[in-house]
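Chains A and X, in that order, give the protein sequences.
Add 3 to a position in the first sequence, counting from 1, and you land on the number used in the numbering used here.
Add 247 to a position in the second sequence, counting from 1, and you land on the number used in the numbering used here.
Hint data in this document are derived by calculation from the structure and do not stem from the laboratory.
Just to be clear, a hint being listed does not mean it is correct.
Cross-link-like lysine-lysine pairs, in silico, BS3-like; alpha carbons within 30 Å at most [stated by the list, open to error]: (1) X:353 x A:17; (2) A:81 x A:14; (3) X:248 x X:356; (4) X:289 x A:81; (5) X:353 x A:81; (6) X:356 x A:14; (7) X:248 x X:353; (8) X:353 x A:60; (9) X:248 x A:60; (10) A:60 x A:17; (11) X:248 x X:289; (12) X:353 x X:315; (13) X:353 x X:289; (14) X:315 x A:60; (15) A:17 x X:289; (16) X:248 x X:315; (17) X:353 x A:14; (18) X:248 x A:81; (19) A:60 x A:81; (20) X:289 x A:60.
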Amino acid sequence: GAGVSQSPRYKVAKRGQDVALRCDPISGHVSLFWYQQALGQGPEFLTYFQNEAQLDKSGLPSDRFFAERPEGSVSTLKIQRTQQEDSAVYLCASSLEATYEQYFGPGTRLTVT
Amino acid sequence: KQEVTQIPAALSVPEGENLVLNCSFTDSAIYNLQWFRQDPGKGLTSLLLIQSSQREQTSGRLNASLDKSSGRSTLYIAASQPGDSATYLCAVNPSGAGSYQLTFGKGTKLSVIP
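Produce the complete structure using the sequences and hints provided.
In structure tokens, the structure reads:
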């Protein structure tokens with residue numbers, strides 16, 4: 004079946020712009036995760052949803068970052084007033100349940116100029 | 248705080264060679280451990296998942312072992328092929344609260360030379 008999809012694949016934003024990144028998880032997966040991967044680093048956890056409930060947002064680096072999953076399926080990660088340090092690959096993952104194997108999408112590469 | 252280290256950072260081997268990638272973690276209270284592969288510009292592909300109660304998992308030419316008490320996992324790749332060239336990441340899933348937050352190492356970049 005279809006895997007996790009993300010759009011756009013690439014996004015260039017000028018400093019101060021707002022961006023929205025979309026994630027379509029695998030159908031039927033209850034759990035959805037967002038990670039941030041800086042160049043040359045491993046991904047770092049940002050936030051976790053179980054259905055539509057955001058149960059953990061401890062990894063969000065600042066209050067400029069906001070995520071939602073209003074109907075328990077598609078999720079959007081929004082970054083307001085982008086800064087250069089926000090440049091990274093943003094990965095979305097989903098799983099049947101929280102502790103099960105996580106399946107990752109291709110990521111969105113965000114470049115802030 | 249859990250820390251995951253992968254050694255070596257980069258590895259270059261001739262085609263056909265068997266190789267071992269290493270992963271160590273500081274907190275042995277884990278639920279499971281996953282090995283991923285990442286190709287340039289791509290997302291992560293899950294290779295193997297080992298539950299904390301397991302010692303190893305095998306898939307084709309890949310074998311992953313887990314020694315939870317010593318905080319170590321290895322990924323063994325048999326008869327390497329150029330198509331195996333990629334960055335390999337290990338990630339641990341903690342037990343208890345927050346048992347979904349994967350903590351990743353920085354990866355080992357593997358190059359298999361034809």
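**Message:** Tell me the numbers of any earlier hints that the structure contravenes, in ascending order.
**Reply:** none
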